[in-house]
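*Asks:* Here is what each chain is made of, one letter per residue.
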Amino acid sequence: MLSVEKLSIQSDEVNLLSPISFELKPGKIMGVIGASGSGKSLLASAILGDIPKGFSRGGKVTFSTEGLANSDDSFASVASVALAAQSATVLDPLRTVLTQLLRRVKLTTQRKAESTQSALLKTTLNTQSQYTQLINRQIARCYPHQLSGGMAKKALLAQASWQQTDYILADEPCCGLDSQSAQDIYAHLSYLAKQETRGVLVISHNLKQLLSVADEILVLQEGQLVERTTPDKILSGMSHPYTQALWQAIPANWHKEKVKYAEIA
Amino acid sequence: MLKLSNGHLAYGIGEQTGIQFPDIELLPGQSLGLFGPSGLGKSSLAKVLAGIEALSGGELVLPEKQSGLANPVQWIFQQPEFAFNPRLTLRASLEESWRGEGYQSLLAQFAILPSWLDRRPSQVSGGQLQRINILRALTESTQYLICDEITAHLDMLTQQQIWQSLGQYTKERKLARLVISHDEELLGQVCDSIIYWS
Amino acid sequence: MVSLMAVVPKWANSRIFTTVARLFLQLVLVILLAYLLLSWSPLDPINAYLGGNLYSVSAQQKAELTVQLGLDQSVAQQFLHWFNELISGNLGYSNLYQQSVSEIIKDKLPLSLLLIGLSWLASLFMGYLLGLLAGLFQGRFVDRVINQSAWLLACIPSFWLGMLLISLFSVALSLTPVCCAAPIGMRFEEQSFWSMSQHLLLPVMTLALVHMAPIILHTREKVIDVLNSDYVVYSHLHGDSKRQVVSFHVLKNSVLPAIVLHFASFAELFGGSILAETVFNFPGLGASIVKAGLANDTALLMGCTLISALLVFCGNLIANGLSKYLLAGESK
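Chains as they are written, first to last, in the numbering used here: chain B, 2 to 266; chain Y, 251 to 448; chain X, 186 to 517.
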């Protein structure tokens, strides 16, 4: 379980992220929703230890496995968390996607000192595996600047999932994609959570897509955690007014009547 | 009236291929949606309608542009960061388009705080900048608006607010709108009819 | 605009055609300019031909000489004559050396190319290494020393540095020969390898030192850029050590731009070699250009100018081509 306790990012003048606490369990997908500037991406960076210059991090992030002692690091153990970044600038512009992905696999297996390195590589490249379903030959052979929006998002997700970490943070994995590509991405995220029992944190500004795939949802506003809720509660109108406002802001809901709380009993 | 029939745009020198545009007809007060996957050339279509790019074939009827006034067809696109001179304050950019301070009365309608106007484009957020970008296009002479994925990168609340303000304004002034987007539900809410381009 | 495009035939669009056309246009412009400048030269070609002994010939002999050298014709006529000869493959005859220009070029070009080539390689290699070090240790002592030295080197004229090095290494320390490409009396190819190296050392060092400054500064900026890039930050966040990041990301992303940039500096290197050959008394093409200019030897000067323009064009062309294929991923 990934425990985040009072995680915050602040400087002397400004509070970017107020103390936030939550847990992410393996096999679950947690969504993080909020308007721009709400601190969603900052949350992912803070968990990884990427703090903007001039700011400091407060609180702690710990990993515990049931039955084993806590591994108490004040910074997230790198072997446990990987980021599926928002933009393709995290890919080296002069190397193909496959080269970089394979390198990620090689480095992480070295780090984990697994004796079954070759076995892991074989599984990764197994044509039956989900990994090659995400990355086809076309994407693998491209250089980052040749990737279209959809291809880039798939490459970025693969960059994280091929690292075989226990937890994955996906930062806007479907921003700007058409519905078919978004479905592929979410299918892979579900696979990672359900079939491989990894913990997945998905950051998005698209509440509708998130509701179809997340088990729980964290709502952020201006760096603060407004509430922690579930898709059912949002759909039935039993969540914080700000969350409801976000739900109402979805184009499909623009002219729907606001659900009155009194009627849900 | 704004009308495009059999529109065709060739690219490259001597190339046979090009983009075949769907037929479009925009009447005052009408809100028309254009839905299509990216990469097809929706922005090229917008440029042709705004008079920035020349058609290779077909017929284009544009409203008359009076000399000295701005183009009656205004194109607003997705990334406002590229639409502003980074060295001017936002107020200066607005006054350049409006040739005066006529925009002041509309600030509240588009939820723009006057304090933002003294900043430079890099000092305001994407949502704030896009609202100012839209306001800049709504001068007296504007009759037709081409909204090219204008809220694609904005969060839901800002998107809702922008379309509410814009919808109200275009209804008051009987402006015509071509809304280009890959969000079908948005088009369903905001347009009278939708063209599906494949 | 669209209708104009329809007029241009398809084959005219090919890359080879546009490149050749560009080369042709550039060469024509260079030639015209050079010829024009030469025609404005205050130097008397007759005087140069006679080696300064203007009064050793009678007036009639001088008149005959004028006709023989073609100097009685107008500048335009002389130019057209030269151009026509050029098209039929004849570069002309040098009055200064009393040889055909093609032979002179054949004789002197290899040495110049050797000098330029060695300097190019040395400045690239050393420049890149120093820039890499400066970038990796940004802000520290190593970086400050390299950075300041690079700026200093960028300001130093190559001929001054050459003379300085001569007075230091050749005169004061007697480590290197004082001048020339070979011991007196010997041709360049005839000397031993050791002797060749000794004679090439100072000129190459001069040119390399002066021309490594842009590479140092550019590489340093590039390395700093790469170290601050999103992909390096991502690698660090996911556990890569600094060594791993440097070997995988930094090296490739900085070496390729350095190489491409350096190909485009052929022009400066050629200019620098003219000065270096003069200072070190190297019998190369650069020195010939100077002598031809001073002697108003039109044919030789035009021939050398043509070759140097070709070399510069090739350098830029390679830089362009490499940039498209190697650096396609770099975005603005």
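None of these hints come from the bench; they were simulated from the model.
Among the hints, erroneous ones may be present.
[As the list claims (entries may be wrong)] Once the Cα atoms are required to be at most 27 Å apart in a straight line, the calculated DSS-like pairs of lysine-lysine come out as:
(1) B:K26 - B:K54
(2) B:K61 - X:K427
(3) X:K437 - B:K107
(4) B:K54 - B:K7
[As the list claims (entries may be wrong)] Computed footprint of chain Y on chain B, listed as stretches where at least three residues anywhere in the stretch have a Cβ under 8 Å from a Cβ of chain Y:
(5) 204–210
(6) 245–255
Predicted, not measured: the structure shown is a model, and the values here were computed from it.
Quick reminder that beta carbons are idealized off the backbone N, C-alpha and C, glycines included.
*Asks:* May I ask which of the numbered hints given earlier this structure violates, with the numbers listed in increasing order?
*Replies:* 1
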